[in-house]
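> Counting with the numbering used here, you get residues 1249 to 1658 for the letters of the sequence shown.
Simulated from the structure, these hints should not be mistaken for laboratory data. Since the structure is predicted, the reported quantities are computational estimates derived from the model, not experimental observations. Each residue gets a CB set at the ideal place from its N, CA and C atoms; glycine is no exception. A portion of the hints provided could be inaccurate.
[Stated by the list, open to error] Listed next, the in silico DSS-like pairs over lysine-lysine satisfying Cα-Cα at most 25 Å (straight line):
(1) 1564 / 1509
(2) 1433 / 1481
(3) 1433 / 1490
[As the list claims (entries may be wrong)] Computed spacing ranges between beta-carbons, pair by pair:
(4) 1496 / 1343: 48 to 56 Å
(5) 1465 / 1345: 30 to 38 Å
(6) 1334 / 1460: 45 to 53 Å
(7) 1458 / 1332: 25 to 33 Å
(8) 1639 / 1464: 28 to 36 Å
(9) 1459 / 1480: 39 to 47 Å
(10) 1309 / 1535: 49 to 57 Å
(11) 1448 / 1625: 28 to 36 Å
(12) 1563 / 1312: 35 to 43 Å
(13) 1497 / 1312: 18 to 26 Å
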Amino acid sequence: MITGSRKSPRPKVTPVQVDGRRRIARILRTHALPANTNAYTLFNMAAPTGAQDAVLKPSDPVPEGAVPVVGLDFDKFAGRNITAAEMVESMTNMGFQATSVGQAAQIINGMVNDSRRCIKWQFTNHGQQREWRDEETGQGTTIFLGYTSNLISSGLRETLRWLVQHKHVSAIVTTAGGVEEDFIKCLAPTYLGSFSTAGASLRAKGMNRIGNLVVPNSNYCAFEDWVVPIFDKMLEEQEASKDTEEPINWTPSKMINRLGKEINDERSVYYWAWKNDIPVFCPALTDGSLGDMLYFHTFKASPLQLRVDIVEDIRKINTIAVRAKRAGMIILGGGIVKHHIANACLMRNGAESAVIINTANEFDGSDAGARPDEAVSWGKIKVDGDSVKVYAEATVVFPLIVASTFAKVA
(Lines of atoms letter the chains of each structure in order from A and count residues from 1; the text may use other names and numbers.)
(Lines give C-alpha, C1' and ligand atoms only; values in the text may rest on other atoms or scores of the structure.)
Protein backbone atom coordinates (compact mmCIF):
# COMPACT_ATOMS: atom_id res chain seq x y z
CA MET A 1 0.00 0.00 0.00
CA ILE A 2 1.17 3.42 -0.89
CA THR A 3 1.11 5.62 2.13
CA GLY A 4 2.81 8.69 0.68
CA SER A 5 4.59 10.11 -2.36
CA ARG A 6 8.20 11.17 -3.00
CA LYS A 7 9.26 14.27 -4.93
CA SER A 8 11.40 13.70 -8.00
CA PRO A 9 15.11 14.58 -7.38
CA ARG A 10 16.09 18.08 -8.50
CA PRO A 11 18.23 17.84 -11.66
CA LYS A 12 21.83 18.94 -11.38
CA VAL A 13 22.69 22.23 -13.05
CA THR A 14 25.62 21.88 -15.43
CA PRO A 15 28.36 24.56 -15.78
CA VAL A 16 27.05 25.28 -19.27
CA GLN A 17 23.58 25.97 -17.85
CA VAL A 18 25.01 28.20 -15.15
CA ASP A 19 26.98 30.10 -17.76
CA GLY A 20 23.86 30.37 -19.93
CA ARG A 21 21.74 31.75 -17.08
CA ARG A 22 24.39 34.35 -16.33
CA ARG A 23 24.51 35.40 -19.96
CA ILE A 24 20.72 35.67 -20.12
CA ALA A 25 20.67 37.78 -16.97
CA ARG A 26 23.38 40.04 -18.39
CA ILE A 27 21.45 40.53 -21.66
CA LEU A 28 18.24 41.34 -19.79
CA ARG A 29 20.08 44.00 -17.80
CA THR A 30 21.67 45.66 -20.81
CA HIS A 31 19.16 45.28 -23.67
CA ALA A 32 15.55 46.35 -24.29
CA LEU A 33 14.04 43.17 -25.73
CA PRO A 34 10.60 42.22 -27.09
CA ALA A 35 8.33 40.42 -24.61
CA ASN A 36 8.23 37.25 -26.72
CA THR A 37 12.06 36.78 -26.76
CA ASN A 38 12.81 33.18 -25.80
CA ALA A 39 15.74 31.77 -23.82
CA TYR A 40 17.39 30.27 -26.93
CA THR A 41 17.61 33.68 -28.57
CA LEU A 42 18.91 35.22 -25.36
CA PHE A 43 21.55 32.51 -24.98
CA ASN A 44 22.99 33.15 -28.45
CA MET A 45 23.19 36.94 -28.06
CA ALA A 46 26.31 36.91 -25.84
CA ALA A 47 29.79 35.42 -26.15
CA PRO A 48 30.71 32.62 -23.74
CA THR A 49 32.05 34.05 -20.50
CA GLY A 50 35.13 31.81 -20.54
CA ALA A 51 36.10 32.92 -24.02
CA GLN A 52 35.51 36.55 -23.16
CA ASP A 53 37.63 36.27 -20.03
CA ALA A 54 40.43 34.60 -21.98
CA VAL A 55 40.47 37.17 -24.77
CA LEU A 56 39.91 40.25 -22.63
CA LYS A 57 42.30 39.33 -19.84
CA PRO A 58 43.27 42.53 -18.00
CA SER A 59 46.89 43.70 -18.12
CA ASP A 60 49.14 44.72 -15.28
CA PRO A 61 50.18 48.39 -15.36
CA VAL A 62 52.91 49.11 -17.92
CA PRO A 63 56.25 49.59 -16.10
CA GLU A 64 57.42 53.16 -15.70
CA GLY A 65 59.87 54.10 -18.44
CA ALA A 66 58.60 51.54 -20.95
CA VAL A 67 59.56 52.61 -24.48
CA PRO A 68 56.82 52.75 -27.13
CA VAL A 69 57.56 51.21 -30.54
CA VAL A 70 58.04 54.05 -33.03
CA GLY A 71 59.47 53.83 -36.53
CA LEU A 72 61.20 56.25 -38.86
CA ASP A 73 58.91 59.17 -39.79
CA PHE A 74 60.16 60.58 -43.09
CA ASP A 75 57.83 63.58 -42.76
CA LYS A 76 60.17 64.91 -40.08
CA PHE A 77 62.88 65.17 -42.73
CA ALA A 78 60.73 66.66 -45.48
CA GLY A 79 62.66 68.95 -47.79
CA ARG A 80 66.10 67.56 -46.92
CA ASN A 81 68.10 64.34 -47.02
CA ILE A 82 68.16 62.16 -43.94
CA THR A 83 71.63 61.40 -42.57
CA ALA A 84 72.88 57.93 -41.70
CA ALA A 85 73.18 58.97 -38.05
CA GLU A 86 69.56 60.13 -37.98
CA MET A 87 68.43 56.89 -39.59
CA VAL A 88 70.29 54.71 -37.08
CA GLU A 89 68.99 56.78 -34.17
CA SER A 90 65.43 56.40 -35.50
CA MET A 91 65.91 52.63 -35.77
CA THR A 92 66.48 52.31 -32.02
CA ASN A 93 62.76 52.12 -31.18
CA MET A 94 61.64 50.10 -34.25
CA GLY A 95 62.10 46.69 -32.65
CA PHE A 96 63.78 43.50 -33.89
CA GLN A 97 67.30 43.91 -35.33
CA ALA A 98 66.76 47.60 -36.06
CA THR A 99 66.72 48.16 -32.29
CA SER A 100 69.92 46.14 -31.94
CA VAL A 101 71.62 48.32 -34.58
CA GLY A 102 70.58 51.44 -32.67
CA GLN A 103 71.84 49.94 -29.41
CA ALA A 104 75.16 49.04 -31.06
CA ALA A 105 75.64 52.68 -32.05
CA GLN A 106 74.79 53.82 -28.52
CA ILE A 107 77.28 51.39 -26.97
CA ILE A 108 80.07 52.39 -29.37
CA ASN A 109 79.43 56.05 -28.67
CA GLY A 110 79.64 55.10 -25.00
CA MET A 111 83.09 53.59 -25.61
CA VAL A 112 84.42 56.87 -26.96
CA ASN A 113 82.28 59.26 -24.96
CA ASP A 114 81.63 57.84 -21.50
CA SER A 115 79.81 60.59 -19.61
CA ARG A 116 80.51 58.87 -16.30
CA ARG A 117 84.17 59.80 -16.54
CA CYS A 118 86.32 62.65 -17.79
CA ILE A 119 85.73 63.51 -21.46
CA LYS A 120 88.24 65.25 -23.68
CA TRP A 121 86.98 66.71 -26.96
CA GLN A 122 89.48 66.84 -29.77
CA PHE A 123 88.80 68.53 -33.10
CA THR A 124 90.53 67.25 -36.22
CA ASN A 125 90.21 67.67 -39.96
CA HIS A 126 88.06 64.54 -39.94
CA GLY A 127 85.38 65.91 -37.63
CA GLN A 128 84.91 65.83 -33.89
CA GLN A 129 86.44 62.80 -32.23
CA ARG A 130 84.71 61.72 -29.03
CA GLU A 131 87.37 60.38 -26.72
CA TRP A 132 86.94 58.88 -23.25
CA ARG A 133 89.87 59.67 -21.00
CA ASP A 134 90.68 58.33 -17.55
CA GLU A 135 90.85 61.25 -15.14
CA GLU A 136 94.11 60.13 -13.54
CA THR A 137 96.12 58.73 -16.43
CA GLY A 138 94.49 60.33 -19.46
CA GLN A 139 94.19 56.86 -21.00
CA GLY A 140 91.23 56.32 -23.31
CA THR A 141 89.03 53.28 -23.85
CA THR A 142 91.05 50.42 -25.27
CA ILE A 143 88.96 49.29 -28.25
CA PHE A 144 89.61 45.82 -29.66
CA LEU A 145 88.39 45.41 -33.25
CA GLY A 146 87.93 41.90 -34.64
CA TYR A 147 86.82 40.85 -38.11
CA THR A 148 86.91 37.79 -40.34
CA SER A 149 88.69 37.49 -43.68
CA ASN A 150 85.58 37.75 -45.87
CA LEU A 151 85.06 41.32 -44.67
CA ILE A 152 88.49 42.37 -45.95
CA SER A 153 87.65 40.61 -49.22
CA SER A 154 84.49 42.72 -49.38
CA GLY A 155 84.21 46.47 -49.68
CA LEU A 156 83.97 46.75 -45.90
CA ARG A 157 87.77 46.83 -46.06
CA GLU A 158 87.63 50.57 -46.76
CA THR A 159 85.57 51.19 -43.61
CA LEU A 160 88.01 49.15 -41.54
CA ARG A 161 90.96 50.95 -43.11
CA TRP A 162 89.39 54.31 -42.21
CA LEU A 163 89.01 53.30 -38.56
CA VAL A 164 92.68 52.30 -38.38
CA GLN A 165 93.90 55.30 -40.38
CA HIS A 166 92.24 57.70 -37.95
CA LYS A 167 93.27 55.79 -34.82
CA HIS A 168 89.77 54.89 -33.67
CA VAL A 169 90.84 51.44 -32.46
CA SER A 170 93.61 50.24 -30.16
CA ALA A 171 94.24 46.67 -31.34
CA ILE A 172 93.03 44.35 -34.08
CA VAL A 173 92.42 40.60 -34.25
CA THR A 174 91.80 38.92 -37.60
CA THR A 175 92.39 35.70 -39.50
CA ALA A 176 95.10 34.86 -42.03
CA GLY A 177 92.74 35.71 -44.87
CA GLY A 178 91.98 39.01 -43.18
CA VAL A 179 95.68 39.83 -43.46
CA GLU A 180 96.62 38.52 -46.89
CA GLU A 181 93.50 39.75 -48.73
CA ASP A 182 94.36 43.32 -47.75
CA PHE A 183 97.82 43.06 -49.31
CA ILE A 184 96.52 41.16 -52.34
CA LYS A 185 94.04 43.96 -53.04
CA CYS A 186 96.99 46.36 -53.22
CA LEU A 187 98.47 44.15 -55.94
CA ALA A 188 95.32 43.30 -57.95
CA PRO A 189 91.56 43.80 -57.53
CA THR A 190 88.84 41.48 -56.32
CA TYR A 191 85.73 41.45 -58.54
CA LEU A 192 81.98 41.22 -58.05
CA GLY A 193 80.55 37.90 -59.19
CA SER A 194 77.53 35.77 -58.31
CA PHE A 195 76.64 33.39 -55.50
CA SER A 196 75.29 30.96 -58.09
CA THR A 197 78.32 30.65 -60.39
CA ALA A 198 79.28 26.97 -60.64
CA GLY A 199 82.43 26.07 -58.74
CA ALA A 200 83.64 23.62 -61.40
CA SER A 201 83.41 26.31 -64.06
CA LEU A 202 85.37 28.78 -61.93
CA ARG A 203 88.00 26.19 -61.06
CA ALA A 204 88.61 25.48 -64.74
CA LYS A 205 89.23 29.18 -65.29
CA GLY A 206 91.52 29.66 -62.28
CA MET A 207 88.97 31.81 -60.45
CA ASN A 208 88.22 31.60 -56.72
CA ARG A 209 84.79 32.51 -55.34
CA ILE A 210 84.16 34.19 -51.97
CA GLY A 211 80.36 34.41 -51.80
CA ASN A 212 79.52 36.71 -54.70
CA LEU A 213 83.11 37.94 -55.03
CA VAL A 214 85.70 36.49 -57.40
CA VAL A 215 89.48 36.50 -56.93
CA PRO A 216 91.62 35.45 -59.93
CA ASN A 217 94.24 32.91 -58.94
CA SER A 218 96.82 35.17 -60.57
CA ASN A 219 96.30 37.52 -57.61
CA TYR A 220 97.79 34.89 -55.31
CA CYS A 221 100.69 34.38 -57.70
CA ALA A 222 101.36 38.12 -57.51
CA PHE A 223 101.16 37.87 -53.72
CA GLU A 224 103.78 35.11 -53.71
CA ASP A 225 106.09 37.20 -55.89
CA TRP A 226 105.74 40.08 -53.44
CA VAL A 227 105.84 38.31 -50.07
CA VAL A 228 108.55 35.64 -50.53
CA PRO A 229 111.43 38.14 -50.91
CA ILE A 230 110.23 39.78 -47.68
CA PHE A 231 110.32 36.40 -45.96
CA ASP A 232 113.88 36.01 -47.25
CA LYS A 233 114.86 39.32 -45.62
CA MET A 234 113.11 38.41 -42.37
CA LEU A 235 114.93 35.07 -42.24
CA GLU A 236 118.23 36.78 -42.94
CA GLU A 237 117.63 39.26 -40.10
CA GLN A 238 116.56 36.44 -37.78
CA GLU A 239 119.73 34.45 -38.43
CA ALA A 240 122.02 37.50 -38.23
CA SER A 241 120.61 38.44 -34.80
CA LYS A 242 120.99 35.00 -33.20
CA ASP A 243 124.22 35.72 -31.39
CA THR A 244 123.41 39.33 -30.48
CA GLU A 245 122.00 40.74 -27.25
CA GLU A 246 118.64 41.31 -28.98
CA PRO A 247 117.85 38.33 -31.19
CA ILE A 248 114.88 38.83 -33.48
CA ASN A 249 111.87 36.77 -32.46
CA TRP A 250 109.19 37.02 -35.13
CA THR A 251 105.55 36.87 -34.06
CA PRO A 252 102.37 37.14 -36.13
CA SER A 253 101.91 40.77 -35.04
CA LYS A 254 105.54 41.63 -35.88
CA MET A 255 105.22 39.94 -39.28
CA ILE A 256 102.01 41.85 -40.10
CA ASN A 257 103.65 45.07 -38.96
CA ARG A 258 106.59 44.40 -41.27
CA LEU A 259 104.33 43.57 -44.22
CA GLY A 260 102.34 46.74 -43.58
CA LYS A 261 105.53 48.74 -43.79
CA GLU A 262 106.68 46.93 -46.94
CA ILE A 263 103.40 47.37 -48.83
CA ASN A 264 103.70 51.17 -48.50
CA ASP A 265 100.18 51.69 -49.85
CA GLU A 266 97.64 54.00 -48.22
CA ARG A 267 94.80 51.75 -49.38
CA SER A 268 96.04 49.07 -46.98
CA VAL A 269 94.59 48.53 -43.51
CA TYR A 270 97.95 47.26 -42.28
CA TYR A 271 99.95 50.08 -43.77
CA TRP A 272 98.02 52.37 -41.42
CA ALA A 273 98.34 49.89 -38.55
CA TRP A 274 102.13 50.05 -39.02
CA LYS A 275 102.04 53.83 -39.44
CA ASN A 276 99.93 54.36 -36.29
CA ASP A 277 101.56 51.60 -34.21
CA ILE A 278 98.32 49.63 -33.82
CA PRO A 279 99.09 45.94 -33.17
CA VAL A 280 97.37 43.35 -35.35
CA PHE A 281 97.06 39.87 -33.86
CA CYS A 282 96.48 36.75 -35.94
CA PRO A 283 96.75 33.55 -33.87
CA ALA A 284 95.90 31.47 -36.97
CA LEU A 285 98.39 33.15 -39.29
CA THR A 286 99.15 29.95 -41.19
CA ASP A 287 95.50 29.19 -42.05
CA GLY A 288 95.41 30.74 -45.52
CA SER A 289 97.58 31.90 -48.39
CA LEU A 290 100.14 33.24 -45.91
CA GLY A 291 100.41 29.70 -44.55
CA ASP A 292 100.86 28.41 -48.09
CA MET A 293 103.68 30.89 -48.70
CA LEU A 294 105.35 30.02 -45.38
CA TYR A 295 105.05 26.32 -46.23
CA PHE A 296 106.73 26.77 -49.62
CA HIS A 297 109.35 29.00 -48.00
CA THR A 298 110.42 26.17 -45.67
CA PHE A 299 111.59 24.24 -48.74
CA LYS A 300 113.16 27.26 -50.40
CA ALA A 301 115.14 28.23 -47.30
CA SER A 302 115.91 24.72 -46.00
CA PRO A 303 117.68 23.86 -43.76
CA LEU A 304 117.04 27.32 -42.28
CA GLN A 305 113.52 28.08 -41.06
CA LEU A 306 111.63 31.28 -40.41
CA ARG A 307 110.32 31.01 -36.84
CA VAL A 308 107.05 32.66 -35.77
CA ASP A 309 106.23 32.69 -32.04
CA ILE A 310 102.55 32.85 -31.07
CA VAL A 311 103.27 32.74 -27.31
CA GLU A 312 104.85 36.20 -27.29
CA ASP A 313 101.73 37.56 -28.99
CA ILE A 314 99.29 36.02 -26.51
CA ARG A 315 101.22 37.69 -23.72
CA LYS A 316 101.11 40.98 -25.62
CA ILE A 317 97.36 41.07 -26.30
CA ASN A 318 96.50 39.89 -22.78
CA THR A 319 98.78 42.56 -21.31
CA ILE A 320 97.04 45.25 -23.39
CA ALA A 321 93.72 44.09 -21.92
CA VAL A 322 95.02 43.90 -18.34
CA ARG A 323 96.46 47.42 -18.50
CA ALA A 324 93.36 48.94 -20.07
CA LYS A 325 91.49 51.37 -17.82
CA ARG A 326 88.37 50.61 -19.82
CA ALA A 327 87.93 47.96 -22.53
CA GLY A 328 85.53 47.75 -25.45
CA MET A 329 85.04 45.00 -28.03
CA ILE A 330 83.73 45.44 -31.58
CA ILE A 331 83.55 42.03 -33.23
CA LEU A 332 82.42 41.41 -36.79
CA GLY A 333 81.93 37.71 -37.42
CA GLY A 334 82.83 34.85 -35.12
CA GLY A 335 85.28 32.07 -34.50
CA ILE A 336 88.83 32.84 -33.48
CA VAL A 337 88.58 36.62 -33.84
CA LYS A 338 85.64 36.73 -31.42
CA HIS A 339 87.08 34.39 -28.84
CA HIS A 340 90.64 35.74 -28.95
CA ILE A 341 89.44 39.23 -28.02
CA ALA A 342 86.96 37.98 -25.42
CA ASN A 343 89.57 35.74 -23.81
CA ALA A 344 92.03 38.63 -23.57
CA CYS A 345 89.35 40.66 -21.78
CA LEU A 346 88.85 37.76 -19.36
CA MET A 347 92.28 38.65 -17.96
CA ARG A 348 90.74 41.89 -16.61
CA ASN A 349 87.47 40.23 -15.55
CA GLY A 350 85.64 41.38 -18.65
CA ALA A 351 85.16 44.27 -21.04
CA GLU A 352 82.92 47.17 -20.10
CA SER A 353 81.37 47.32 -23.58
CA ALA A 354 80.79 44.81 -26.37
CA VAL A 355 79.18 44.95 -29.80
CA ILE A 356 78.98 41.69 -31.75
CA ILE A 357 77.68 41.53 -35.32
CA ASN A 358 77.16 38.19 -37.04
CA THR A 359 74.47 35.85 -38.37
CA ALA A 360 75.22 32.82 -36.18
CA ASN A 361 72.67 31.31 -33.77
CA GLU A 362 73.35 29.75 -30.39
CA PHE A 363 71.43 26.46 -30.75
CA ASP A 364 74.59 24.52 -31.70
CA GLY A 365 76.65 25.80 -28.78
CA SER A 366 79.16 27.54 -31.04
CA ASP A 367 81.18 30.50 -29.83
CA ALA A 368 80.14 32.44 -32.91
CA GLY A 369 76.46 31.93 -32.09
CA ALA A 370 76.70 32.71 -28.39
CA ARG A 371 74.90 35.79 -27.12
CA PRO A 372 76.88 38.31 -25.02
CA ASP A 373 75.31 37.00 -21.81
CA GLU A 374 77.17 33.72 -22.30
CA ALA A 375 80.43 35.71 -22.29
CA VAL A 376 79.29 37.31 -19.01
CA SER A 377 79.14 33.83 -17.47
CA TRP A 378 82.81 33.32 -18.43
CA GLY A 379 83.95 36.70 -17.11
CA LYS A 380 84.70 38.01 -20.61
CA ILE A 381 82.13 40.82 -20.43
CA LYS A 382 81.55 42.54 -17.10
CA VAL A 383 78.36 41.74 -15.21
CA ASP A 384 77.33 45.40 -15.35
CA GLY A 385 78.74 45.94 -18.86
CA ASP A 386 76.87 47.20 -21.91
CA SER A 387 76.55 44.68 -24.71
CA VAL A 388 74.46 43.78 -27.74
CA LYS A 389 74.52 41.22 -30.49
CA VAL A 390 73.22 42.31 -33.88
CA TYR A 391 72.00 39.39 -35.98
CA ALA A 392 72.93 40.83 -39.36
CA GLU A 393 75.46 40.63 -42.16
CA ALA A 394 78.21 43.09 -41.28
CA THR A 395 78.60 44.70 -44.71
CA VAL A 396 74.98 45.89 -44.46
CA VAL A 397 74.93 47.39 -40.97
CA PHE A 398 78.50 48.24 -39.92
CA PRO A 399 78.97 51.18 -42.32
CA LEU A 400 75.74 52.67 -40.92
CA ILE A 401 76.99 52.19 -37.37
CA VAL A 402 80.37 53.79 -38.16
CA ALA A 403 78.61 56.70 -39.88
CA SER A 404 76.58 57.32 -36.72
CA THR A 405 79.49 56.93 -34.28
CA PHE A 406 83.16 57.34 -35.19
CA ALA A 407 82.51 59.28 -38.41
CA LYS A 408 79.75 61.48 -37.03
CA VAL A 409 80.54 65.19 -36.73
CA ALA A 410 78.89 66.10 -33.42
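> Check whether the Cα positions of residue 1433 and residue 1490 lie no farther apart than 25 Å.
Measuring from Cα to Cα gives roughly 35 Å; hence the hint is violated.
> Mind checking the hinted window 28 to 36 Å against the Cβ distance between residue 1639 and residue 1464?
With Cβ atoms ~33 Å apart, the hint holds.
> Between residue 1309 and residue 1535, does the beta-carbon spacing fit 49 to 57 Å?
holds, 55 Å
> Could you see if the CB distance from residue 1496 to residue 1343 stays within 48 to 56 Å?
Given range 48 to 56 Å: holds, Cβ gap about 55 Å.
> I want to verify a distance hint. Is the separation of the beta carbons of residue 1497 and residue 1312 within 18 to 26 Å?
Once the Cβ atoms are compared, 59 Å apart, the range 18 to 26 Å for residue 1312 and residue 1497 is violated.
> Can the suggested window of 39 to 47 Å be confirmed for the beta-carbon pair residue 1459 and residue 1480?
violated, 34 Å
> Can you let me know if the beta-carbon spacing of residue 1465 and residue 1345 is within 30 to 38 Å?
At roughly 37 Å between Cβ atoms, residue 1345 and residue 1465 fall inside 30 to 38 Å, so the hint holds.
> In this structure, is the beta-carbon distance linking residue 1448 and residue 1625 contained in 28 to 36 Å?
At roughly 45 Å between Cβ atoms, residue 1625 and residue 1448 fall outside 28 to 36 Å, so the hint is violated.
> Could you see if the CB distance from residue 1334 to residue 1460 stays within 45 to 53 Å?
For residue 1460 against residue 1334, whose Cβ atoms are near 30 Å apart, the range 45 to 53 Å is violated.
> Is it true that the C-beta distance of residue 1563 to residue 1312 lies inside 35 to 43 Å, as the hint says?
Taking Cβ atoms as reference, residue 1563 and residue 1312 lie about 49 Å apart, which means the hint is violated.
> Regarding the pair residue 1433 and residue 1481, is the alpha-carbon distance no greater than 25 Å?
holds, 23 Å
> Indicate whether the distance between the beta carbons of residue 1458 and residue 1332 respects the range 25 to 33 Å.
Since the Cβ atoms of residue 1458 and residue 1332 sit about 26 Å apart, the hinted range of 25 to 33 Å holds.
Hint compliance for this structure: hints 3, 6, 9, 11, 12, 13 are broken, all remaining hints hold.
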